[in-house]
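On the provided structure of chain X, position chains U, G, S, A and Y as indicated by the hints.
Chains as they are written, first to last, in full-length UniProt numbering: chain X, 1 to 252; chain U, 1 to 252; chain G, 1 to 252; chain S, 1 to 252; chain A, 1 to 252; chain Y, 1 to 252.
Any given hint could be a false lead.
No copy labels: a pair is met if it fits in one copy or bridges any two.
[Unchecked claim] The list that follows gives simulated cross-link-like pairs (lysine to any residue, SDA-like), each with its CA atoms no further than 20 Å apart: (1) Lys19 / Ala221; (2) Lys200 / Ser216; (3) Lys232 / Leu220; (4) Lys80 / Gln58; (5) Lys228 / Asp218; (6) Lys49 / Val60; (7) Lys149 / Leu77; (8) Lys228 / Ala213; (9) Lys229 / Asp218; (10) Lys49 / Leu77.
Calculated directly from the structure, the hints in this document are not laboratory data.
Number of protein chains: 6
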Amino acid sequence: MSSFSRPDGRECDALRDIKFEADFAANATGSVLVSFGNTKVICGAMLEKRVPGWMRAQNVSGGWLTAEYSMLPYSTLDRKTRDASRGKQDGRGIEIQRLIGRSLRAVIDLQKLPGHTLWVDCDVLQADGGTRTASITGAYLAARLAVQKLIDEGKLEENPFSDSVAAVSVGVYEGEPVLDLPYVEDRDASVDFNVVMTGKGEFVELQGTGEEATFSEDELAKLIALAKKGIKEVSTMQANFLTQRLLGDLKL
Amino acid sequence: MSSFSRPDGRECDALRDIKFEADFAANATGSVLVSFGNTKVICGAMLEKRVPGWMRAQNVSGGWLTAEYSMLPYSTLDRKTRDASRGKQDGRGIEIQRLIGRSLRAVIDLQKLPGHTLWVDCDVLQADGGTRTASITGAYLAARLAVQKLIDEGKLEENPFSDSVAAVSVGVYEGEPVLDLPYVEDRDASVDFNVVMTGKGEFVELQGTGEEATFSEDELAKLIALAKKGIKEVSTMQANFLTQRLLGDLKL
Amino acid sequence: MSSFSRPDGRECDALRDIKFEADFAANATGSVLVSFGNTKVICGAMLEKRVPGWMRAQNVSGGWLTAEYSMLPYSTLDRKTRDASRGKQDGRGIEIQRLIGRSLRAVIDLQKLPGHTLWVDCDVLQADGGTRTASITGAYLAARLAVQKLIDEGKLEENPFSDSVAAVSVGVYEGEPVLDLPYVEDRDASVDFNVVMTGKGEFVELQGTGEEATFSEDELAKLIALAKKGIKEVSTMQANFLTQRLLGDLKL
Amino acid sequence: MSSFSRPDGRECDALRDIKFEADFAANATGSVLVSFGNTKVICGAMLEKRVPGWMRAQNVSGGWLTAEYSMLPYSTLDRKTRDASRGKQDGRGIEIQRLIGRSLRAVIDLQKLPGHTLWVDCDVLQADGGTRTASITGAYLAARLAVQKLIDEGKLEENPFSDSVAAVSVGVYEGEPVLDLPYVEDRDASVDFNVVMTGKGEFVELQGTGEEATFSEDELAKLIALAKKGIKEVSTMQANFLTQRLLGDLKL
Amino acid sequence: MSSFSRPDGRECDALRDIKFEADFAANATGSVLVSFGNTKVICGAMLEKRVPGWMRAQNVSGGWLTAEYSMLPYSTLDRKTRDASRGKQDGRGIEIQRLIGRSLRAVIDLQKLPGHTLWVDCDVLQADGGTRTASITGAYLAARLAVQKLIDEGKLEENPFSDSVAAVSVGVYEGEPVLDLPYVEDRDASVDFNVVMTGKGEFVELQGTGEEATFSEDELAKLIALAKKGIKEVSTMQANFLTQRLLGDLKL
Amino acid sequence: MSSFSRPDGRECDALRDIKFEADFAANATGSVLVSFGNTKVICGAMLEKRVPGWMRAQNVSGGWLTAEYSMLPYSTLDRKTRDASRGKQDGRGIEIQRLIGRSLRAVIDLQKLPGHTLWVDCDVLQADGGTRTASITGAYLAARLAVQKLIDEGKLEENPFSDSVAAVSVGVYEGEPVLDLPYVEDRDASVDFNVVMTGKGEFVELQGTGEEATFSEDELAKLIALAKKGIKEVSTMQANFLTQRLLGDLKL
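Here chain X stands alone, though its shape is the one from the complex (with noise of 0.2 Å):
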């Protein structure tokens, strides 16, 4: 049609090539290296027999899930200095795992985790654009294996999670829209919209930011209907992950 391409060839509406790698921190109870093209991020999830002082403060009854973010200094090509360096956590990463930590606790049942908290932990290894969304669908994968394997151990009655989770990011890029943007497309986008949907498509989670410039309504619609196509995509990729995971391992 038009003279646009992105630069790394994919149609305007094409995921990058996305992969859930399972186990990959064996320590943890459910771990995954989620990628998306170029962007990997290490989730690990564990389980803490202790909810945060604030719900003990108030008495609040049912568990808790948190998330936890952060960059490796390595995954960015010029070295990021570490957080425990500076003595605080940076204000992007803290954003972050804000919307993490809420986009997972949307599809949970907190009161099925009495007294426990459920840590969610993405650390990037490599940055290539779109690492809080890589961030959220793998965080729920990890999160969902750790649960599955805490059933089979007798330390959870049953699966917390009434849906799954996932998230693309979507913009404007050279004024087309665009589905899963990686840096080069990050760095020059005009709009920048993060989506968190549920595998039964709801929404849960919409941040879309002019990045210090501004959209119109249209733009707004455009980006929407994308973001859902690659939402739905994803989903469908996490439920075949799991299913394949999970049957596999009932067999052994």
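Okay, now just chains U, G, S, A and Y, sitting in the frame of chain X:
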């Protein structure tokens, strides 16, 4: 129509009483006390002759605009511990001030602030829901008043703002999409949206979350429509305030 | 007598215009905006059902009163960096909040606050000299209003305050002892005194410094006399304010 | 006269045994171990070729003098947690080191330290009341010895001190004004005063507090008289120590 | 001989299965995933055009090499709290990263990195004993690969490394000196040694501790002999890996 | 033999002048000022009725011994910034205090300190090489004196120490293995060893580093022999000091 009614008796698409009080903090270059009902935020803007370290390091031209957000300890019914006492800002505050900064940077030409940082501080005096959207709305006014004063004093050549910016919250309360939620509604809302738009009707940022729940595309559409209506009204109030205020100044 | 005149034309022993505005921060249990001329401090008081760790550890009976002091970033003509951004409070602020706390504890019977901490927060909205003495003066009023509300609500049995407390600054400016110094005088003063006294005329605290210079016994005597006169007037204003305010409340 | 007697049998206006031991920390440029009875403070002074950031930023000429105060963990009968373990200095220590710094700056001409900072460190080896007044008294001596060594080595042109400075504590113990309180008196004193004066008899700083109680003008007058007497004696001891020490050095 | 057997059936002087996987973190200049049995550490090396502050301050010529070590939260069976969440690195991690840095600096000529810092990051993905010795072994490989890439890209003139460096742990487990202890042995070992040596057989560092117990000179001799044997084997594996890898690169 | 001579004229295997001064900090339960030539360290020991959080959490029986190490700012010729000012301890200090703690825990039966922590603080008053080995040597003495006092006061039932512990540094200076290096030798040494042994001649810890260089097995053997000789002498001095001191106490 239905038996639904909001706790404060407002129509679903009605804003709370909105007020702007200029020069609330007389030592700031520009300042406003913004009220959305019982939510009150002090917004102050000041210019610093210096850009952030990363701009100097990367030799980026132009200037910068930074926002900081904090809640005064007595702004909530249970006293809020000061960030300085805990030794670090809380995650929610960091998330909010990053949003305020991005929102204002969407309507400013930073090349027109060469070598300077425009600081915009938002301190919540009274919190009753919607402090972040009130902050954005007031922060723009404080920044705009500061800019005018700097122009009048010959310290800035021209107005770097190309548009105004305002924000409202919308949400689904007891199944109904409602505009501008006070705390009692916000606490029980199943969906929580913050929308930032310019005076010309462009979107700047859109943050919608199921608040650990989910929402449908239909709800999304209704909430965006409601937000557009609300922001249009707020933008008009901002324009009226600035016209009166700036023309008023000219007469002196 | 001499050709000496103060920058704002006041007599040497005259206070600036002093004002108290109640309920300035409506979510606080008690609050006051105190003004000494252009110096304005927001004072808020709130009760917490909990005593400091050291009291629990040492099994000390009764309650506690703690003060915190901070300057809002736009309270000074050059923006003041937030303590939270620097990760710690500045030394001057710590010194001042310790003084405010001691001053209020001198007139309160902590046995009448069993198991509770009365928090008194002072946030400087506009700084023009004498912020610490304005803070003490306003902090007492905020605390006293909070106490009354707690009594009215049945949360406190009786008023734990046995006296009022107020403070003024005095100093030697261009060789003359003067009362209640604004910033322009304070900056050039050769001696700087802060005096805290009770409504009954007892001393609570006296902090005099040659500000990296020295002063004679004769100057000391003159300054103390001046401070006594000033505090007497301030104490009367406090009493009038409370009478009007508390009686006014009774009538409602 | 009365049956009143001090725990250690001293007259009300008598100082404890005061000793100065030079060169206690041989790597410091100047150092003194000062003892007021069982209170012992190590004072060390060193010159750094650099002024604080704020002086460079504001282009202030001359040099600076900074004091730091800390209590060694074993200086008290119950071990005191290190500031470094808690990650920040305690408020009392900050208050004290600010007082020490101001006191020494009152008698030094900072123009005679161009481009340099004179650091004066006070570390309490044994605490038995009056550590801040012992620190000021010893800090001056350590700084004066350092200055002499720097002059002898040709690193300073002339002595920047125009006078000596010393301090004592006074207080009301069991109804009697007493001089130089050890811990057992200090703990029960109803009024606590720290007075700093120069060798020539000028006041530098006066910090009197009812210690969460109040005191009358009559008590104030008696305490100031007592402090003057005490400081005069301490100043003479300082002068004798320096004469002996510095002349002794000349003979070598 | 005796009935002694190791939990994993190895001979006392046998290493676990050791593997090196190159380019594990593709954005690093050089990277390796090193495995000693179930212990896995990600090592990444990157060059920064900048030397530490103390080198600039003291005008030291040449460059620097710095190591950082951290355990990922899911690397242990009980989740390890992130350093960044606690606001500071733990003491053990600091001790280890200082050891890694010294070990690599023993075999590098820093004059051949003028004005640059070579960062070597070690992040433990799976911990099963010996993470610090695995880190040193892998860190050298990552650094060497980075160096080669920098030479190939013309960013470095020559290889600053004069030798390779590797490390193993040895200890006394159930009375027997054993090589390369996994966690189950390490936990119960009465002596714990970490030995660092070069490819040419020189010692770099030797850290032996009775782990809150003691050991004899005879045990010391046996442990050192065992360590030498182990490191010799590891050094050969390093050399083979590098030969294959670097020659492989040349062919491309 | 050769023309080699040490800067201070000592034989290669000779210790500096070693002195122990008891009760240096009279408020500590046990204290010693230890001197190895011009290196002087204040060691203080105190008992706290409380064990660390991790022991309570894991329900570990017995007590604990913790060491802290710090350099006073004036202990070095260039003033050392306080850890508290920088907001955290430096890495070297953390490494050293961990070594001191492990060394003392090797000779103590923690079951004999049920529910208590024995704190041992080492503050360097003068640094001239070997501060960590002097600290270990003095820390044992301070702890042993504290233990005796606690036994005498009936607060401890029996001596939990089963042996004494001492440490020396050895190194290769100008090609010669030398014992107990002062700063001038330490600075230029090619190998630096710290050896910790008990009075009965068992090894506790051995930390040898090529200081960013390497060393041979032959050098290793010579250095260990030298260290053994040195520690034997230091252990004898410790025993003499304690005999004299503790018997002396009995006589009083």
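Hints versus structure:
{"no.": "1", "hint": "Lys19 / Ala221", "verdict": "neither (29 Å within a copy, 33 Å between copies)"}
{"no.": "2", "hint": "Lys200 / Ser216", "verdict": "between (28 Å within a copy, 10 Å between copies)"}
{"no.": "3", "hint": "Lys232 / Leu220", "verdict": "both (18 Å within a copy, 18 Å between copies)"}
{"no.": "4", "hint": "Lys80 / Gln58", "verdict": "between (38 Å within a copy, 15 Å between copies)"}
{"no.": "5", "hint": "Lys228 / Asp218", "verdict": "both (16 Å within a copy, 13 Å between copies)"}
{"no.": "6", "hint": "Lys49 / Val60", "verdict": "both (15 Å within a copy, 19 Å between copies)"}
{"no.": "7", "hint": "Lys149 / Leu77", "verdict": "between (36 Å within a copy, 14 Å between copies)"}
{"no.": "8", "hint": "Lys228 / Ala213", "verdict": "between (23 Å within a copy, 18 Å between copies)"}
{"no.": "9", "hint": "Lys229 / Asp218", "verdict": "both (17 Å within a copy, 17 Å between copies)"}
{"no.": "10", "hint": "Lys49 / Leu77", "verdict": "between (38 Å within a copy, 13 Å between copies)"}
Checked against the numbered hints above, the structure violates only hint 1.
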